[in-house]
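Residue numbers (our numbering), protein chains in the order written: chain A, 1 to 257; chain B, 1 to 382.
Fair warning: there could be bad hints in the mix.
To be verified - Cut-off 25 Å, straight-line C-alpha distance, at most; resulting in silico cross-link-like pairs (SDA-like, lysine to any residue):
1) A:Lys116 with B:Arg232
2) A:Lys116 with B:Gly346
3) A:Lys198 with A:Gln256
Just so you know, these hints were derived from the structure itself, not from any lab.
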Amino acid sequence: MTICAGIDAGSRAIKVVLVDAGTGDILGSGAQDQGVNQAMLARDLLDRLLDEVGGNGKSVSRIVATGYGRNLVRFADSTVTEITCHARGVRRLVPDAATIIEIGGQDSKLIRLNDKGAVRDFAMNDRCAAGTGRFLEVVATRLEVELDALGQLAAQSTEPAAISSMCVVFAETEIVGLLASGIAREDIVSGVQASIAKRVVAMAGRNVDEPVLFTGGVAMVPGMAAALEAALDHPVTIAPDPQITGALGAAILATQQ
Amino acid sequence: MASAISDIVGRLEETCRDPLATARALARDGRKVAAHMCTYTPEELVLAAGYVPIRILGWSAETHRADGLIQAYACSLARSALDLALSGQLDFAELMLFPHTCDTIQNLTDIWQRNVPSMKTIAVSTPVSTGGEAEVVFYRAELERVRGILGKLDAPVTDEALKACLALYAAHRAAMRRLYGIRRANPCALSARGMMSIVLSSFLMPKDDHLAVVEELIAALEAAEIPENGSRPRLFVAGAACSSEAYVAAVEEAGAWIADDNLCTGARAFALQETGCGDPIEELARTYLSRVPCPAKHRPGFDPGAALLEDAQRAKADGVVFLFTKFCDPWAFDYPRMRDALEAAGIPSLLIEIEQHVPPSAQFETRVAAFVEMIDTKEESE
């Protein structure tokens with residue numbers, strides 16, 4: 001068996017996907033928290049997954065790295081940006097996707113695809129962390145809840161709070177003020193999710209082609225897809241296994257290089 | 001021959017490594033130095049008055065001194081340049097000239113005058129509209145006024161001195177345009193970093209010295225056989241100023257060639273047409289007003305979208321990268337027309353805002369690399 005690997009070294013997590021070099025079928029995938037020594041963490045995760053699928057280093061014919069830490073994964077054969085990789089990964093999973101919203105730990109992207117699934121246009125947040133997963137982490141810490149519990153909390157909201165700050169640091173200050181004035185935690189969480197969604201929608205402009213696919217680690221946070229749908233006024237589908245879409249795209253590209 | 005080319009370009013890259021070193025050395029040797037903020041500064045007049053003109057860009061990595069005097073939403077070019085002066089790094093320059101281009105630069109004149117007393121500031125009222133004879137009359141009178149101010153500082157500026165400077169600058173611009181033509185024909189001939197160093201060093205060195213180097217470089221390039229590498233997309237870079245080579249170098253390192261640009265620290269600086277009229281002040285006025293108007297200027301009937309499209313098509317560009325300085329309103333106003341013109345012609349574009357004094361970020365590199373990949377894989381599918 002010859003294997004191709006895609007490694008997505010994101011700001012918050014490292015994701016690895018293994019595919020069959022010949023057929024492109026997914027053989028295995030995994031993710032783990034990011035750390036200081038990205039190359040070592042990526043190698044460990046790759047080896048673990050290879051072990052699981054009964055392979056080893058010699059069965060890997062090609063590795064493509066993506067994500068903000070892609071250049072640090074020096075054992076990779078080549079690097080491709082996460083924009084191209086997410087497009088490839090989504091094309092495999094949902095061939096008719098027209099728009100991808102990807103929200104990761106430190107940035108968010110809106111990617112438009114052509115009818116062949118290639119990138120037609122893209123936008124990235126370039127202001128600050130206000131439209132990213134980092135905002136959710138800051139809020140979860142401040143509200144003393146687990147990241148996973150944010151969606152459940154938001155679902156209980158009856159009157160979402162308005163978060164108007166464009167900057168995460170100022171938004172956190174704003175949240176402190178909301179807490180002090182007795183606003184319920186669920187209303188704050190719901191307000192934060194709506195705020196993140198609006199930042200992302202601002203990149204989309206007026207025209208969004210359907211179907212809209214939601215990928216990236218933040219797609220796993222309950223409530224975010226609903227917040228995006230409300231802000232975008234279009235149905236939003238969470239990609240299957242949204243965290244690994246970039247790594248999957250990288251692995252597919254590895255089979256084609 | 002390739003090593004001769006890299007030797008010459010390497011010398012100019014060295015000049016840019018410490019952008020103010022050349023001017024400091026000139027001042028130490030007793031030359032008078034005049035600094036300025038914009039390509040609309042009539043350098044010929046400054047040189048004819050006995051000053052070596054040098055252009056100041058955003059070379060101060062810190063802006064905290066300037067931040068106390070200018071609002072944070074003024075562009076980094078203004079804040080960084082003012083910080084250079086406030087930290088004493090421009091003490092070698094006796095004069096500071098401000099042509100009226102955008103509002104920020106115009107208002108910087110007063111701030112500079114109050115806060116940098118070691119330099120004499122001169123505001124040059126460049127017409128906002130550059131299309132007609134009335135503007136020539138106005139600008140001619142303004143240049144006479146500036147000539148008078150400069151003449152009182154030392155000796156009067158003679159017609160002969162001015163004519164000699166006009167000829168020198170015309171020759172320098174022609175040489176730079178020729179260099180741009182060589183790169184347009186084969187972008188592998190000069191790297192983006194190299195080309196930007198050549199342009200930036202032209203703002204930092206005496207023009208006659210720079211012209212000699214550029215002529216030497218053109219001879220070396222014309223004698224060399226540089227193979228074309230057609231496998232990379234050809235990009236056109238549009239925007240105002242770039243204070244360092246880092247941004248264009250990062251664009252090229254993403255896997256593209258830069259075939260041409262319209263930067264004001266680029267081709268725009270040399271896109272002037274001499275008229276050859278006998279009167280040197282009128283010639284100066286007409287030459288500067290002939291420039292393809294930057295977004296801070298207005299020419300009736302001029303369409304920035306059509307002009308950019310023509311430039312991009314001439315460069316056979318596969319894509320256009322807009323490098324905008326954050327908070328630069330004039331470029332932001334013109335951007336939609338430029339983007340739409342490119343889009344209608346099927347040329348993809350990418351807009352990135354930069355801070356002049358901050359090196360390219362990882363996100364900058366990702367966006368440019370994704371843009372290059374997008375152009376490369378336009379027709380591909382799984």
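Comparing the hints with the structure gives:
1. Proposed proximity of Lys116 of chain A and Arg232 of chain B is supported: the alpha carbons are some 22 Å apart, at most 25 Å.
2. A threshold of 25 Å between alpha carbons decides the hint, and for Lys116 of chain A with Gly346 of chain B the separation of about 17 Å falls inside it, so the pair holds.
3. Distance hint between Lys198 of chain A and Gln256 of chain A is unfulfilled; the C-alpha atoms sit about 37 Å from each other, more than 25 Å.
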